[in-house]
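Asks: These are the residues of each chain, in order.
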Amino acid sequence: MSNVSLIATASAGLGAAIAGGALPSKTRVASAVLLTWVSCGAALAGAAEVLHSGHPLELQSAQLLPLTGVTLSLTPLGAVFVVTTAVVAMASTLYWLGYASHGLNSRTASVALPLFVTSMLMVPCAASVSTFLVLWELMALSSLALVLNDQARREEARSAAQWYAVMTHVGAAAILFALVLLSAHAGGQTFAAIAAHAKHLSGAVRSTAFLLAVVGFGSKAGAVPFHVWLPKAHAEAPGPASALMSGAMVNLGIYGIVLVGDQLLGGGPAWWWLCVIALGVASALFGALYAATSTDLKRLLAYSTADNMGLVLIGLGASGLFAATGSHATAAIAMVATLLLLVNHSMFKGALFLAAGSVQVATGTRNLDRMGGLMRRMPVTGVVFLVGALSVAALPPLNGFVGEWLLFQGLLHGLPTTSTVVVFAVLVGVGALALTGGLTVAAFVKAVGIGFLGRPRSGEAADAVEVPYSMRFGAGLLGASCVVLGLLPMLVIPALERAARSATSSAAPSSVHGWVTLHLAGLHGVLAPVLLAAGLVAAIAIVASLRRLAHRRSNKWRALRPAEPWGSGRLLQTPRMQYTATSFAEPLQRVFDDVIRPARDLDVSHAMESRYYIERISYRSTSDDIVEQNLYRPIIGAANWWGERARSLQNGSVHRYLAYGLVALVAILVVIA
Amino acid sequence: MSSSPFASLLEIAAGLVIVCAVVTLWRRSLSAIVKTLAVQGVALGAVALILGLHQHDGVLVGVACLIIAAKGAVIPTLLARVLARDPRSRESTPLVNVPASLVGAGALTVLAYSATRPVVALVATTAGQLIPLGLATMLIGFFSMIVRRKAISQIVGLLLVDNGIALVAFLATAGVPLLVELGASLDVLLVVVVLRVLAAQLWSRFGVFDLDQLRELRD
Chain B
1 MSNVSLIATA SAGLGAAIAG GALPSKTRVA SAVLLTWVSC GAALAGAAEV LHSGHPLELQ
61 SAQLLPLTGV TLSLTPLGAV FVVTTAVVAM ASTLYWLGYA SHGLNSRTAS VALPLFVTSM
121 LMVPCAASVS TFLVLWELMA LSSLALVLND QARREEARSA AQWYAVMTHV GAAAILFALV
181 LLSAHAGGQT FAAIAAHAKH LSGAVRSTAF LLAVVGFGSK AGAVPFHVWL PKAHAEAPGP
241 ASALMSGAMV NLGIYGIVLV GDQLLGGGPA WWWLCVIALG VASALFGALY AATSTDLKRL
301 LAYSTADNMG LVLIGLGASG LFAATGSHAT AAIAMVATLL LLVNHSMFKG ALFLAAGSVQ
361 VATGTRNLDR MGGLMRRMPV TGVVFLVGAL SVAALPPLNG FVGEWLLFQG LLHGLPTTST
421 VVVFAVLVGV GALALTGGLT VAAFVKAVGI GFLGRPRSGE AADAVEVPYS MRFGAGLLGA
481 SCVVLGLLPM LVIPALERAA RSATSSAAPS SVHGWVTLHL AGLHGVLAPV LLAAGLVAAI
541 AIVASLRRLA HRRSNKWRAL RPAEPWGSGR LLQTPRMQYT ATSFAEPLQR VFDDVIRPAR
601 DLDVSHAMES RYYIERISYR STSDDIVEQN LYRPIIGAAN WWGERARSLQ NGSVHRYLAY
661 GLVALVAILV VIA
Chain X
1 MSSSPFASLL EIAAGLVIVC AVVTLWRRSL SAIVKTLAVQ GVALGAVALI LGLHQHDGVL
61 VGVACLIIAA KGAVIPTLLA RVLARDPRSR ESTPLVNVPA SLVGAGALTV LAYSATRPVV
121 ALVATTAGQL IPLGLATMLI GFFSMIVRRK AISQIVGLLL VDNGIALVAF LATAGVPLLV
181 ELGASLDVLL VVVVLRVLAA QLWSRFGVFD LDQLRELRD
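Same order as they appear, the protein sequences are chains B and X. Mapping the first sequence onto our numbering, position 473 (from 1) lands on 473, and the numbers just tick up by one. Mapping the second sequence onto our numbering, position 36 (from 1) lands on 36, and the numbers just tick up by one.
Treat the hints as calculated values from the structure; they're not laboratory data. All values reported here derive from a predicted model rather than from experimental measurement. Some hints could be false.
Said to hold, decoys possible - Non-contacting residues of chain B with respect to chain X, defined by C-beta distances greater than 12 Å in every case (computed): (1) G41; (2) L138; (3) A152; (4) A538.
Stated by the list, open to error - Cβ-Cβ distance ranges computed for the label pairs, FRET-style: (5) N640(B) with L122(X): 46 to 52 Å; (6) A69(X) with A646(B): 40 to 46 Å; (7) G207(X) with N630(B): 54 to 60 Å.
All residues carry an ideal CB built from backbone N, CA and C; glycine is no exception.
Could you build all of it, start to finish, from the sequences and the hints given here?
Replies: Given below as C-alpha cells:
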C-alpha cells in the first residue's frame, strides 16, 4: 500500500494532461478535471497516511529519468504542502469547469493546467536533487504556459510572462547552484546523503548554499525584492491558474527554504535567520502598502500574497532564530505558526483569486473603479470574497486570525532571551506585523467596499450576473474551509506539529493543546475560537434586536430611508459621485508618498468662452513598483546598452564572422604553442 | 623518418592532402578547385587505406572505401552540378590576393607544427609525425573560407576543415570507429546539400555565387 498513492498521483496527473491534449474540445476539460481529482485524491490519501503514521513514503525508479533515475520520499513536512496544494487544486479545477468557456479550453491550457497541478503535488515528494529540479522546472514551465493563455488578447500578458520567465529561471539557477554545491560536497545527490554529510561542511559552503537557496526560493515565494514578476503574472493568469499560483505555488518557495535550511543543513547560525526575517519584513510592508494603493483587483490580491509570504518568512526566520539561540519550545510554536499561516493563506487567497476571476468574467474588468454593487448581483461570489477578505485581514472567527495570533504569541514569548540582536529583530518583526495588519485591513476594506458595495460604476458592473454553479462551488469550497479552519484549528494543528518536528528533526513535545480552547505549552496564551465566534454572533444578534426594538418604539426611526452601504447616501445623482478606489487610497498614498512616489497627472481644460469655467478635469495617479523602477530597470538598461555595443561587432558579413572564429582559434594555438 | 614502403606511402598520401589544400588557395577557377578537392578526398581515403592495410584492420579499410566514394566522388559531383550553371565562374576578386593567401597558408602551417609539438612527441609512430599536416589543412580550410567570396569556395573551405580533422583523427588514433566516421560523413554530406541549395538560391536570386549579397539580410 505504501507507495501506490505516489504512483497513482503521478499517473493520474499525467493521464489528465494527456486527456486534455488528446480529446476533442467538448470533453477535454471535463475529463482532465476528473483525472486531476483522482490525482489529488491519491495524493491526499498518501499524505494522510504519512501524517498519521509519521513515516515517509518512499519510491525509487531508475528507469523513469535517464542517467539519474527518480527518487521520491513524502515526509510529514512535504505532506502538509501536498494536502494544501491538493485542496486548492480540487477547488480550482472544479472552478475551471465553468471558467473554461471564457477562454481557458484550448488544448495548451488543458495540458498545462493538469501538469501544473501534478508537478506541484510531486515537488514536495522529490528526494533527490535531479528529481526536485526536473519537477520544479516542469512546474515553472506549465505555469508559464498558463500565464501566456491570454496573450493574444492582451499585450500585458506577454510582458508579464516575460518577467515571470526571466525571474523564475534566475531563481532556478540560484537553486541549482545551491543544490549542486551541496551534492558535490556530499558526494551523492539524494537528499538523505546531503543531510547526512551536512555536519561536515565548512561554514562558508553552508552559508553560500543557504543564501543562494533563499534567493532562488524567495523569488518563487514573491519575497521583496525578487517579487516583481508576481503582481504581473498572478494578475494576468486566468482565474483558476492565478488561484493555483497564489494559493499553492508560492508555498513551495517557502517549502524550499525549509528544505534547504532545516532538513538538508539542519539549521544554521542566527544571522541566516535574521536575513530571512529582514526579507520577510520588507515583503510584508512593501506588499501591504502596494496592495492598499492598488486599484486593479487581481494586482491588489497579488501584492497581498507578497505581504502574506512576508509574514510567513518572519515566522520561519523567528523559528530558526529561536532554535539557534536555544529556545526550542518557542521555535516549535513559531514553526507551527508559520505552517498554519501558509495553509490559511492558501485557503483564503485561493478563494479570493477565484472570486476575483468570477468578477472578471462577469464584468470584463479588473479595475475596481469600474465595479460596484456586485454583492447584490453576485451574492455567492460576493460572500466568498467577503469571507476571504475578513480572513486575510486576520479578523476572528476566521482562519487568518488564528495563524497570526499564534505567530504573535511565538514572537512575543520569544522575547526574554539574553541576546539584544534577537530582541531587536523580534521587536522589528512584531512592529512590521502590526503595521502590515493595518495596511491589509485598509486594502481589503477598499476591495470589498468599492468593488462589491455601493452602486455600479459602469454599465458592465450594472449588467453583471452570477457565474455558473461550478465556479460558485469551487470558490465556495475554499471559502468554507476558511470558516472551518477558523473555528476548529485543531483539525490541522497536530498534523502541522508533526510536520514541524520532522522539518527541524527536534523531539519537542506537542505545544498546542485543547479542542475548544487552545493552550500553548509553556506560554500563557489562550484562545477559544469557537467561543469567540459564538460571542461575536451573540453580540451581532443583540445589536440587531436592540435596533429593531428601538425602531418599533420611536417614530424618529421611521423617517429614515435605507440606502446602499457605501453608496454615499441616496442624495447623490450619479454613481460617479461615490468614493473610488483611488480616492480611498489617497490618504494612505499621501502618508507613504516618499516610498511609493506615485506619478500624478492633473489635466484641467477650460471652457472656450472663459477661463473661469472649467470644462473637465482629469486626474490620473499611477504608482509603479519602485523596486522595479529603481532596481530592475537600470539592470535591463545596462543589458540593452551592452547589446547595442555588441551589435557593432556584427555587420552581416559571413567572412567577418568566420574571421572571428579563426582569430580566436589561432590565438589559442599561439598561446599553447 | 623511417624509409619503409609503408611510411613512404603514408607520407606521400598525407602530403598530397595538404598540397591539395594549398592548391585550392592558388587556383581561381571554381571547377579546378572542385577537382582539387576530389583529389584531396582520394588522398585522404588513401591514408586510411594504407593505415588499414598496415594494421590489418578490415573496418578501417571499409571506412577508407567509404571516404573515397563520398569525398572523392559524391560530394565533388554535387558541387560540379551547381557549377554547371556557370562553368567559367572564377574567384576573381578574393578578399586577400593569391600571393598573400599563400604566405598566410605558410604561416598557418608553421603555427600548426609548433602547436602540435607536444602531441607529436607523445605519438612516436610514423603516423604521429604527420599530425601537423592535418591541423595545417584544417587551418588553411578555415582561412580560405574567410578570404573567398563565392559560396562554392565556402563549401570547399568547410570540406578542407573536415578533411583536416579526419586526417588528424586517422593519424593520431589507431583508427576511427565506423559509426563515428559514418556520423561525421553524413553530417558533412548534409551540410554540403544545404549549402548547395543556398548557392543555387543565390544564383537564381542574384545571378552570382557571391556571399556578400547576404549582407543585405542584416536588419
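Asks: Now tell me, hint by hint, if it's right for this structure.
Replies: Now the hints, each set against the structure:
no.: 1; hint: G41; in the structure: holds (49 Å)
no.: 2; hint: L138; in the structure: holds (32 Å)
no.: 3; hint: A152; in the structure: holds (28 Å)
no.: 4; hint: A538; in the structure: holds (76 Å)
no.: 5; hint: N640(B) with L122(X): 46 to 52 Å; in the structure: holds (49 Å)
no.: 6; hint: A69(X) with A646(B): 40 to 46 Å; in the structure: holds (44 Å)
no.: 7; hint: G207(X) with N630(B): 54 to 60 Å; in the structure: holds (56 Å)
Comparing the model with each earlier hint shows no violations; every hint is respected.
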